[in-house]
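Peer 1: Sequence:
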Amino acid sequence: ISVDRSVTGEKVTSHIASDNVAGGAQAADTLANSMGEKGEVLILQGIPGAASTRDRGKGFKDRIKKYSNIKVVAEQTANFDRAEALNVATNLLQSHPNATGIYAENDEMALGAIQALGAKAGKEIKVVGFDGTVDGMKAIKAGAMAGTIAQQPKELGRSAVAAAVKAIKGQSVPKTEPITVKTVTIKNVGDFE
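Residue numbers for the sequence shown follow the working numbering, so the first one is 532 and each next one is one higher.
To be clear, the hints were calculated from the coordinates, so they are not data collected in a lab.
Here the structure is a predicted model, which is why all the values come from computation and not from measurement.
Mixed in with the good hints, there may be bad ones.
Capping the alpha-carbon separation at 27 Å, the derived lysine-lysine pairs in DSSO-like fashion look like this [what the hints assert, rightly or not]:
#: 1; residue 1: 569; residue 2: 597
#: 2; residue 1: 592; residue 2: 718
#: 3; residue 1: 700; residue 2: 542
With the hints as constraints, model all of the structure from the sequences given.
Peer 2: Take a look at the structure:
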């Protein structure tokens, strides 16, 4: 049984992970709504080649296309790292001064982007992250972040244990089990404390 990260080179009975493609789509909707469905977007990508980077990016880019007045103008990796995201966001914002939205494929990078934005964060430029971390929730409450896509670690663990028990008993288990993710904004952040 693998949880959250896929395993290569080993026999995996079942893989339980957050539905990162759906989460990317939810992030696109959240960012688009916060931007008034118009403007230029920058994307801070995770680790190149990582399944979560690929899936979160795919979900976001496929969904953002439905907003005809929003254009992704740049995307660059910041390796899921806050300090690197601060530098990358600073450089991208200099190259694209008309950007009004940033999608970061995790909250750490979103928080780095918020540092780069300073007083513009949450006001002139909207930021959406992914993971639903404690610091991400604080940034939403402070008005610096428009939203995050929260994973459900307890549900990941519960499903993994249930799959392991079934497998041990010789019962069939699904090859993959996507776990839903939740959109968090200022409207519902209190539900996630």
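Peer 1: Decide, hint by hint, whether the structure agrees.
Peer 2: Verification of the supplied hints:
1. 569 / 597: It holds: about 11 Å lies between the C-alpha atoms, which stays within 27 Å.
2. 592 / 718: Holds. Residue 592 to residue 718 sits at ~25 Å (cutoff 27 Å).
3. 700 / 542: holds (18 Å)
Comparing the model with each earlier hint shows no violations; every hint is respected.
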